[in-house]
Amino acid sequence: AQSVAQPEDQVNVAEGNPLTVKCTYSVSGNPYLFWYVQYPNRGLQFLLKYITGDNLVKGSYGFEAEFNKSQTSFHLKKPSALVSDSALYFCAVRFLSGSARQLTFGSGTQLTVLP
Amino acid sequence: DTGVSQDPRHKITKRGQNVTFRCDPISEHNRLYWYRQTLGQGPEFLTYFQNEAQLEKSRLLSDRFSAERPKGSFSTLEIQRTEQGDSAMYLCASSLGRSDNEQFFGPGTRLTVL
Numbered sequence: 002a003q004s005v006a007q008p009e010d011q012v013n014v015a016e017g018n019p020l021t022v023k024c025t026y027s028v029s030g031n032p033y034l035f036w037y038v039q040y041p042n043r044g045l046q047f048l049l050k051y052i053t054g055d056n057l058v059k060g061s062y063g064f065e066a067e068f069n070k071s072q073t074s075f076h077l078k079k080p081s082a083l084v085s086d087s088a089l090y091f092c093a094v095r096f097l098s099g100s101a102r103q104l105t106f107g108s109g110t111q112l113t114v115l116p
Numbered sequence: 013d014t015g016v017s018q019d020p021r022h023k024i025t026k027r028g029q030n031v032t033f034r035c036d037p038i039s040e041h042n043r044l045y046w047y048r049q050t051l052g053q054g055p056e057f058l059t060y061f062q063n064e065a066q067l068e069k070s071r072l073l074s075d076r077f078s079a080e081r082p083k084g085s086f087s088t089l090e091i092q093r094t095e096q097g098d099s100a101m102y103l104c105a106s107s108l109g110r111s112d113n114e115q116f117f118g119p120g121t122r123l124t125v126l
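Each protein sequence line maps, in turn, to chains A and B.
Following this note's numbering, the numbering of the first sequence begins with 2 at its first residue and continues without gaps.
Following this note's numbering, the numbering of the second sequence begins with 13 at its first residue and continues without gaps.
Bound conformation, chain B alone (with noise of 0.2 Å):
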């Protein structure tokens, strides 16, 4: 399977406990993208890196989450003592070269902060 990869599927944790989920892109693309979607929302975009610049980051992006892409490959997104509000859909996408090109995405990991 060449599409956008994501582990783990499914996180459980207790609050104030850290996580960490990486993502996978597909080969080529050196655009990667980090959502968030709740139920009953559409996604929310969290930050944004080309290659392993991080280069844009959302307001929701508090001093408690951190996402690197060291080599511009893959990526993870931590959670530092996270809160029951943190539980959600986190999903990952990426994309290639131009702004006009569609981002794909990948299965999302599944978060639930007891």
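Okay, chain A solo, but in the shape it has when bound (with noise of 0.2 Å):
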């Protein structure tokens, strides 16, 4: 079955340390991956996508992610976390099978930045 997995409900992470979220996926073939956060009272904002090509991505607001094809991952990175960067983080998948177009989302991560 396609899944989307974030293994960890929260992640905690002093100023100005590095942050990883986690993401892994499981399917056949090769899915398009894509990161959102979601402020309080707010829409799921797109940070970074990989479709193809450089198994690193550079997204907004300084995020980047690893793609990672034989571990099926995509781990959402961020060298130097701000206390602006808590909010919750959804990793999503777009399977390539038949005309499926929907994102299928991660249960989501919850970043606490401290300060």
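A few of these clues could be false.
Label-pair distances were calculated between CB atoms; the ranges are [to be verified]:
no., chain 1, residue 1, chain 2, residue 2, range
1, B, PRO82, A, LEU115, 23 to 33 Å
2, A, PRO80, B, GLU80, 41 to 51 Å
3, A, LEU115, B, LYS26, 19 to 29 Å
4, A, LYS78, B, GLN53, 22 to 32 Å
5, A, GLU67, B, GLY15, 42 to 52 Å
6, A, PRO8, B, ILE24, 29 to 39 Å
7, A, GLN72, B, LEU108, 45 to 55 Å
8, A, ALA15, B, ASN30, 30 to 40 Å
9, A, ILE52, B, PRO82, 48 to 58 Å
10, B, THR124, A, GLY54, 43 to 53 Å
11, A, GLU67, B, LYS26, 46 to 56 Å
12, B, SER78, A, ASP55, 24 to 34 Å
13, A, ASN56, B, GLN29, 42 to 52 Å
Hints were generated in silico from the structure; no laboratory data involved.
Cβ atoms here follow ideal geometry from the backbone N, Cα and C, with glycine treated the same way.
Take the two lone chains and join them into the complex the hints point to.
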């Protein structure tokens, strides 16, 4: 079955430290991979995507993500966390099967950056 | 603001009542999606339009749910005979053209069924 997993419900990191939010997927073939962020009372905001090409993709607000095909992972990273990065982060996958167009989301990871 | 807009932002209704939500996508976007998000979970796909054609429906979309996009612009999502289990955030998203393009999300409509 095709699925997306975010194994950590909560990630805490000190301001200025690097952060990683983990995402793994289970699918046959090559999916499209996305990261979104959700702030309270606001819609999801797109951060970055991997379609093809370089395994390291850069996105908004200094975030980047590394696609690892052998580990079927797409972890979100930032070299130096800010308190304002505190939010709910979702990994999403579009599986290239049939006419499917929708995104399949992970359950989310709450990131808290401590001052 | 040229983003995706949704109306209303909040809706409180009694069980058994019908409700309708509206989504206005980004103007040039031909694809429109509805998702449902419950507390502590990621959004779950409900249905998808390409222009005015409804091309996909999730098994989550029971026969009490209906969605339309009559002129390929705004869309409505109606829930008939609401149940307490329908309480959730209903998210609309739109995208342009290619399948690898990101979806842009609206702020959502929070439905509470009493």
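Tested hints:
{"no.": "1", "hint": "B/PRO82 / A/LEU115: 23 to 33 Å", "verdict": "violated (49 Å)"}
{"no.": "2", "hint": "A/PRO80 / B/GLU80: 41 to 51 Å", "verdict": "holds (46 Å)"}
{"no.": "3", "hint": "A/LEU115 / B/LYS26: 19 to 29 Å", "verdict": "violated (43 Å)"}
{"no.": "4", "hint": "A/LYS78 / B/GLN53: 22 to 32 Å", "verdict": "holds (24 Å)"}
{"no.": "5", "hint": "A/GLU67 / B/GLY15: 42 to 52 Å", "verdict": "violated (29 Å)"}
{"no.": "6", "hint": "A/PRO8 / B/ILE24: 29 to 39 Å", "verdict": "holds (35 Å)"}
{"no.": "7", "hint": "A/GLN72 / B/LEU108: 45 to 55 Å", "verdict": "violated (32 Å)"}
{"no.": "8", "hint": "A/ALA15 / B/ASN30: 30 to 40 Å", "verdict": "violated (50 Å)"}
{"no.": "9", "hint": "A/ILE52 / B/PRO82: 48 to 58 Å", "verdict": "violated (32 Å)"}
{"no.": "10", "hint": "B/THR124 / A/GLY54: 43 to 53 Å", "verdict": "holds (44 Å)"}
{"no.": "11", "hint": "A/GLU67 / B/LYS26: 46 to 56 Å", "verdict": "holds (49 Å)"}
{"no.": "12", "hint": "B/SER78 / A/ASP55: 24 to 34 Å", "verdict": "violated (43 Å)"}
{"no.": "13", "hint": "A/ASN56 / B/GLN29: 42 to 52 Å", "verdict": "holds (50 Å)"}
In summary, the structure is inconsistent with hints 1, 3, 5, 7, 8, 9, 12 from the numbered list given earlier, while agreeing with the others.
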